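Protein chains in written order, with the numbering used here: chain X, 1 to 49; chain W, 1001 to 1619.
By construction, these hints were calculated from the structure, which means they are not laboratory data. Among the hints, a few may not be true.
Claimed, not checked - With a cut-off of at most 25 Å between alpha-carbon atoms, the simulated BS3-like pairs for lysine-lysine come out as follows:
#1 Lys12/X <-> Lys1107/W
#2 Lys1125/W <-> Lys12/X
#3 Lys16/X <-> Lys1102/W
#4 Lys16/X <-> Lys1093/W
#5 Lys1107/W <-> Lys1123/W
#6 Lys1107/W <-> Lys16/X
#7 Lys1068/W <-> Lys1058/W
#8 Lys1035/W <-> Lys12/X
#9 Lys1068/W <-> Lys16/X
#10 Lys1093/W <-> Lys1035/W
#11 Lys1035/W <-> Lys1125/W
#12 Lys1058/W <-> Lys12/X
Stated by the list, open to error - With beta-carbon atoms standing in for the labels, derived distance ranges:
#13 Val27/X <-> Gln1610/W: 41 to 51 Å
#14 Ala1384/W <-> Gly20/X: 54 to 64 Å
#15 Gly20/X <-> Lys1175/W: 57 to 67 Å
Claimed, not checked - Short, incomplete list of chain X residues facing chain W, as computed with Cβ under 8 Å:
#16 Glu2
#17 Leu3
#18 Val22
#19 Val25
#20 Thr30
Treat the numbers as computed from the prediction; the structure is a model and nothing was measured. Even glycine gets a Cβ: it sits at the ideal position worked out from N, Cα and C.
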Amino acid sequence: MELLRDIWAFMKERRKWWLGPVIIVLVLLTAVLVLGGGSALAPYIYTLF
Amino acid sequence: MRILGISAFYHDSAAALVVDGQIVAAAQEERFSRKKHDDRFPVNAVRYCLEEAGLEVKDLDAVAFYDKPLLKFERLLETYYAFAPGGFASFVKAMPVWVGGKLSTRKLLRDGLKDAGATGKEKLKLLFPEHHLSHAASAFHPSPFDEAAILTIDGVGEWSTASICHGRGKDIEVKRELRFPHSVGLLYSAFTYFLGFRVNSGEYKLMGLAPYGDPLSARVKDYEDRIRKELVHVHDDGSIWLDMRKFHYAQGLRMVKDDAWERIFGFPRRAPESPLEQHHCDLGLAIQRVTEDIVLRMARTARAITGSPNLCMAGGVALNCVANGLLERAGIFDRIFVQPASGDAGGAPGAALAAYHLHFEQPRTVNPNDALNGSYLGPAYGEADIRKVINRFGAVASPALDEEALVQRTADLLAAGKVVGWFQGRMEFGPRALGNRSIIGDPASPEMQLKLNQKIKFRESFRPFAPAVAEESLERYFEARTPSPYMLMVHPVRAELRKPLPADYHALDLRGKLYHERSTLPAITHIDMSARIQTVSPRTNPRFHKLIKAFGQRTGNEVVINTSFNVRGEPIVRTPEEAYRCFMRTEMDVLVVNDRIFLKEEQPAWPEGQEWMKEHVLD
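Using the sequences and the hints, build the whole thing.
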C-alpha cells in the first residue's frame, strides 16, 4: 500500500499519469517472469539500473 | 538530531551517521563484507556507525537514502521507450530487479535496518534527497566555505549527470543540470570499457594510463579530433551532447557499440588483461584531455553563474585528480574543496547532511579547516584485537612502544628500504588510504615502484604511486601552492628534482618510459613528471606526520610513498587480522599496528600458497 501511495504521489507531482498502466503491466509481467523461474538478479556487464 | 545516511543498491554501498550536523562515523560496506564495490544494503556499516555513537535504530530521527528511486525508474522507462524496441534484452533483465525490489526501496531499507537491529516498531522517517543534491551536500556542508559554487559530475543519478549549485550558509540552490544520457562520467566509463578495464572501478587505471600516451604525437591529436567529431560535442558552457548512435549504455548491456568504435579508432576493444600497446595509451590521453576540457568549462560556468571564488566538488568525476590539479592551476577559483568520498559511497553522508540542513533546516557551522578532520571516520581497533592476531597466527610482535620510539624505529626501517604496512587508528572513509590503512616506502628508491606493484600489490606495473608529504614541505617537492589533504590533486614535481629526459622519451614504449628514472623521487614521479599528492598535517594525523618528519631526518626527504593497504582486487584492510593476513601473503617487510611492530623475518611460516589470490575478483 505504501508503494502504491508513493507511486500515486509521484505521478501526481510529476504529472506522468501514463506511468500508471505501464507499472500495472510491468508488475503482472514480472510476476510471470519470476514465477516462470526467471531471475530477479541482474547478471550484467554494465547496467544503469 | 541524529540522521543515518545510506547509499546502496547500485554500487559502493555505505552508511554515515550525522549527529547535530557532524559526521561522526562513515564506512563503506565492502570493507566489512570484503566484496569490492558491494552494492547490498550496508548492514555492517550501519551497525558500525550506530555502535560508534552508542545509538540504536530507535534513537534515529531520520534515515536518508541517497537518491529518489521512483525518479530513476521514470528515467529507465522513458529511456527504454525512446530506444524501443532496441533495449528489449536490457528491459527484460532490469524490470524484475525493479518490480521485485528496488521500486519499493522503502521496504528494502526497513528490512535492512531490521537486520541492523531495528525492531520494526520504530517510527522511522525515511527521506530521499536527489542523487546530485546528496553529492552537492557531501561536498559543500563539510567544506571550509560559508559560500561556494558546487560542481557535481558523475555517471548518472536519477536524470542528472552533472549539476552546478550555489551553496550559501546551510542552503544549496541548483542552478544548472546536465541530463541523461549525456554524461561526462559515462563518456569516461565508455573509454574505460573500450580500453579493457572494468567499468565503475577501472576509471582510475585509465587516468593512470593516460600519461603514457605521447603528448607530441599526431595520433593523440587525431584521436581527440575523432572523439569530438564522432562521439561528443562540447559546448562553451561545458555541457555536452553525446552521439547516442555510437553508445550502447542507455538501452543495452554494453557501454558502446564496439563495431562503431572500431571504425572510429581503427582498432578493436582491448581484451581485459591483454597487453597494453601505445595506441591504447594514446587514446587514454586523448579522452583524458577531452575530460579536462569539459571539467574546466563547467568550472568557468560555475564561477560565472555563482560569482563565488570558492568551489566544492563531488561525484565520481571529481576523483579525476589530474583534472582537479589542472583546475586548481587554472586559477578559476581561489580555493577548491573536493569531497574525498566523491563516488556513490559519499552519497551516504551527503544524504544525511542534506536531510539535516535542507529538510530539517538546521543551521550550519563552518569549520575553517573543513569538517572531515582527515576523513578518518571508520572503525579503530585496540590492543585486544592485536592480541587475537598474535594468538591465532602465532605472530611475533614487539611490545607496545611509546609513540616516539615507534616512530623512530619505523623511520629507521623505511630509510633502510623496507616496505611497511602502516595500520593506525580509525579507518579512512573514501577510496584513498590516507595514512591509517597504508603501505608506505621510500620514494627515492628506483626499484620501489616495480617491487610494490609486482610483489606486494600484485597489480599492473604501469600503475603509479602517490606521495604523502609533510604539509609544510609541500613546495620543496611539488609545484603546488595549497594543501591536498585527501590525495585529490595531481601537480608537477618541482623542476629541480627532475632528471633530464632522453630526446626520444615520448617515443619510448610503456616499459621504456616506466623504467626511466625521472626524478630524485622516482617511485612517486609519474611518467609525465606529476604526482598525486597527499599533504599530511599534524592537526589531522599527528603520528603519520611525525613519521614522515623522522624519515626526513634520516634521508633528507619529508616524503613517503603512500599506497592503500590491500592487494589488487581486495578492499582496503579494516582489521588488524586482515592487515596481518595481507602482510604475510605479500613481500611486505614490516607491519606496524597501532603501537606494535611485526618484522617479517620473525614471523612463523605462512601456511597458504597462492590459492588466496582467487578470493579477489580482479578489478
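*Honestly, which of those hints from before does the structure not fit?*
Structure breaks hints 8, 11, 12, 15 and 19.
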